[in-house]
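Colleague: These protein sequences, in sequence, are chains L and R. Residue numbers for the first sequence, in the numbering used here: 1 to 296. Residue numbers for the second sequence, in the numbering used here: 1 to 296.
Read the hints as simulated data drawn from the structure, not as lab findings. Worth double-checking, as some hints may not be accurate.
What the hints assert, rightly or not - With a straight-line cut-off of 30 Å between C-alpha atoms, the simulated DSS-like cross-links for lysine-lysine are:
{"#": "1", "chain 1": "R", "residue 1": "Lys58", "chain 2": "L", "residue 2": "Lys196"}
{"#": "2", "chain 1": "R", "residue 1": "Lys196", "chain 2": "L", "residue 2": "Lys196"}
{"#": "3", "chain 1": "R", "residue 1": "Lys171", "chain 2": "R", "residue 2": "Lys144"}
{"#": "4", "chain 1": "R", "residue 1": "Lys196", "chain 2": "L", "residue 2": "Lys277"}
{"#": "5", "chain 1": "R", "residue 1": "Lys96", "chain 2": "R", "residue 2": "Lys58"}
{"#": "6", "chain 1": "R", "residue 1": "Lys196", "chain 2": "L", "residue 2": "Lys58"}
{"#": "7", "chain 1": "R", "residue 1": "Lys277", "chain 2": "L", "residue 2": "Lys277"}
{"#": "8", "chain 1": "R", "residue 1": "Lys40", "chain 2": "R", "residue 2": "Lys144"}
{"#": "9", "chain 1": "L", "residue 1": "Lys96", "chain 2": "L", "residue 2": "Lys144"}
Said to hold, decoys possible - Computed far set for chain R versus chain L, every beta-carbon distance over 10 Å:
{"#": "10", "residue": "Glu5"}
{"#": "11", "residue": "Ala39"}
{"#": "12", "residue": "Ala116"}
{"#": "13", "residue": "Glu160"}
{"#": "14", "residue": "Ala165"}
{"#": "15", "residue": "Lys176"}
{"#": "16", "residue": "His197"}
To be verified - Incomplete in silico selection of chain L near chain R, CB under 8 Å:
{"#": "17", "residue": "Val157"}
{"#": "18", "residue": "Arg198"}
{"#": "19", "residue": "Leu286"}
{"#": "20", "residue": "Pro290"}
{"#": "21", "residue": "Pro291"}
{"#": "22", "residue": "Val293"}
{"#": "23", "residue": "Ala294"}
{"#": "24", "residue": "Trp295"}
{"#": "25", "residue": "Pro296"}
We put the beta carbon where it would ideally sit given N, CA and C, even for glycine.
There are 2 protein chains.
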Amino acid sequence: MSIQEERKSRASAWFEDLRDRICAAFETIEDELTPDVAAKLPIAAELGDLAPGRFERKAWSREDGDPAAGGGGVMSIMRGRVFEKVGVNVSAVWGKFSPDFAQQIPGATDDPRFWASGVSLVAHMRSPLVPAVHMNTRHIVTTKSWFGGGADLTPMVPDEADTRAFHAALKAACDKHDPDYHARFKQWCDTYFHLKHRDEPRGVGGIFYDNLESDWEADFAFTRDVGLAFLDVYPKIVRRHMAEAWTPAQREHQLVRRGRYVEFNLLYDRGTLFGLKTGGNVEAILMSLPPAVAWP
Amino acid sequence: MSIQEERKSRASAWFEDLRDRICAAFETIEDELTPDVAAKLPIAAELGDLAPGRFERKAWSREDGDPAAGGGGVMSIMRGRVFEKVGVNVSAVWGKFSPDFAQQIPGATDDPRFWASGVSLVAHMRSPLVPAVHMNTRHIVTTKSWFGGGADLTPMVPDEADTRAFHAALKAACDKHDPDYHARFKQWCDTYFHLKHRDEPRGVGGIFYDNLESDWEADFAFTRDVGLAFLDVYPKIVRRHMAEAWTPAQREHQLVRRGRYVEFNLLYDRGTLFGLKTGGNVEAILMSLPPAVAWP
Chain L
1 MSIQEERKSR ASAWFEDLRD RICAAFETIE DELTPDVAAK LPIAAELGDL
51 APGRFERKAW SREDGDPAAG GGGVMSIMRG RVFEKVGVNV SAVWGKFSPD
101 FAQQIPGATD DPRFWASGVS LVAHMRSPLV PAVHMNTRHI VTTKSWFGGG
151 ADLTPMVPDE ADTRAFHAAL KAACDKHDPD YHARFKQWCD TYFHLKHRDE
201 PRGVGGIFYD NLESDWEADF AFTRDVGLAF LDVYPKIVRR HMAEAWTPAQ
251 REHQLVRRGR YVEFNLLYDR GTLFGLKTGG NVEAILMSLP PAVAWP
Chain R
1 MSIQEERKSR ASAWFEDLRD RICAAFETIE DELTPDVAAK LPIAAELGDL
51 APGRFERKAW SREDGDPAAG GGGVMSIMRG RVFEKVGVNV SAVWGKFSPD
101 FAQQIPGATD DPRFWASGVS LVAHMRSPLV PAVHMNTRHI VTTKSWFGGG
151 ADLTPMVPDE ADTRAFHAAL KAACDKHDPD YHARFKQWCD TYFHLKHRDE
201 PRGVGGIFYD NLESDWEADF AFTRDVGLAF LDVYPKIVRR HMAEAWTPAQ
251 REHQLVRRGR YVEFNLLYDR GTLFGLKTGG NVEAILMSLP PAVAWP
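Based on the provided sequences and hints, a complete structural model is requested.
Modeller: Okay, here's the thing in structure tokens:
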């Protein structure tokens, strides 16, 4: 196996491994919402009949008629007691960018072939006191090869301790690798997850990075650490709030804030728009949309 | 007053007049959902405390720092017993198109000044048995001058009689003016209101026309007739179903279908995208989004 093939294979294997660990961590949280805790929540009646959530997996293949294109992915989705809807997608796909698109991609101008693999996750929570979250890391190979990704938190009811913990976890992951990373990638996240038409941030941010091509082993290690930081900190934030009762007004506010999430993903998110407009897997791409939303 | 100023003024006055007639017709429907009818609906408990809906109006002004730009509009919104959320916007605005945008607009290539006025309406209904509906007519003046608009129906639970009645009303309005209009504008509607990423129509269609510049008086008369056809047929469709009970599964289906409405408006609708990306009135533009939506 060439070094490049070995790298692709290691990156894909990591994305799947991270997916497995995240799914296991989230299922454990589902088990922790015991009947006596659930009884204190405003949705006790709804939860009464609901077993702890478990992820369901569904594989899909990429087919675009080109024999040199292929790959596919696996969607994992859980509709649970704590996690109202959480989707985790892994994929590894290859083929040729369209001529227009190739011009915008590093290393694809003269040779439009690409290979891309990643893991991406969005969680929408039943409790408006538990923040929604997004995490994605990916590895792209054209004539160049780079990593990208990040994680960002969307609290519906702001909580300073959550925000601090989330940023601190990502900062620690960044600082292990480069003292400049956190400031740069935090700013990039704030700029990216901004609803221009409302001049509003989508949430409290986190980090966002792309086209990271310093040293392959170092970039891969950083990308793994971003995933591990997320895996460590988000469950803590969930546990901090999952047993707290909320008000109907907080739930209504959550549904309205989720509308902003939809607006961002359908109006601005590059991955969503690119995927939808180029025949990507609609079900996997739109798994990020919230289960219930309001524009009152 | 020049003939052109007089025409602008007549067009704007008509859009406001149509708005007033539509609001009055919809408020009458609200009054017709009497307590004994409401008691038979699955949301009787919710409706119990709710008075018949009335439109609330809110004026807004266009300000973009250019003394040669101006105008504004009035949003009318009703959250009622039959109409879960219905917005009717009228506006008359003028200014200069941005250089990029001017290249795409008839008659604006060399002179970017424009004047635009219109009425636009989206209704989302409590009952999944009553179709959602969209209607819009507008008059645009650059160095050219034209009318555009249309109406389209989005049933959640298909009903052949409704679809036939809706198309027949618009066909009659078209046929009064040109025997070719209906076939052309119906096809245009089907092409326009298509969710490419899902290869699905948004609803059962209606008519859509743009850049209509034959004879000003004839085009204005046609545009009025489109509005009047809508005003006649849609209340009939509402009345046909508003007293029918529905099932929880039908309501859930309605919330999912509304997601398609959101996807269309944020991914494809030219007016929405143009408005949001060029500093239009966000509240007026997004009034079209449904009050409650699900991506389960």
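Colleague: Taking the hints in turn, state whether each one holds.
Modeller: Each hint tested on the structure:
no.	hint	verdict
1	R:Lys58 - L:Lys196	23 Å, holds
2	R:Lys196 - L:Lys196	25 Å, holds
3	R:Lys171 - R:Lys144	27 Å, holds
4	R:Lys196 - L:Lys277	8 Å, holds
5	R:Lys96 - R:Lys58	25 Å, holds
6	R:Lys196 - L:Lys58	23 Å, holds
7	R:Lys277 - L:Lys277	19 Å, holds
8	R:Lys40 - R:Lys144	54 Å, violated
9	L:Lys96 - L:Lys144	14 Å, holds
10	Glu5	32 Å, holds
11	Ala39	24 Å, holds
12	Ala116	19 Å, holds
13	Glu160	28 Å, holds
14	Ala165	29 Å, holds
15	Lys176	37 Å, holds
16	His197	4 Å, violated
17	Val157	20 Å, violated
18	Arg198	6 Å, holds
19	Leu286	7 Å, holds
20	Pro290	6 Å, holds
21	Pro291	5 Å, holds
22	Val293	5 Å, holds
23	Ala294	5 Å, holds
24	Trp295	4 Å, holds
25	Pro296	6 Å, holds
In this structure, the hints that do not hold are numbers 8, 16, 17, in rising order.
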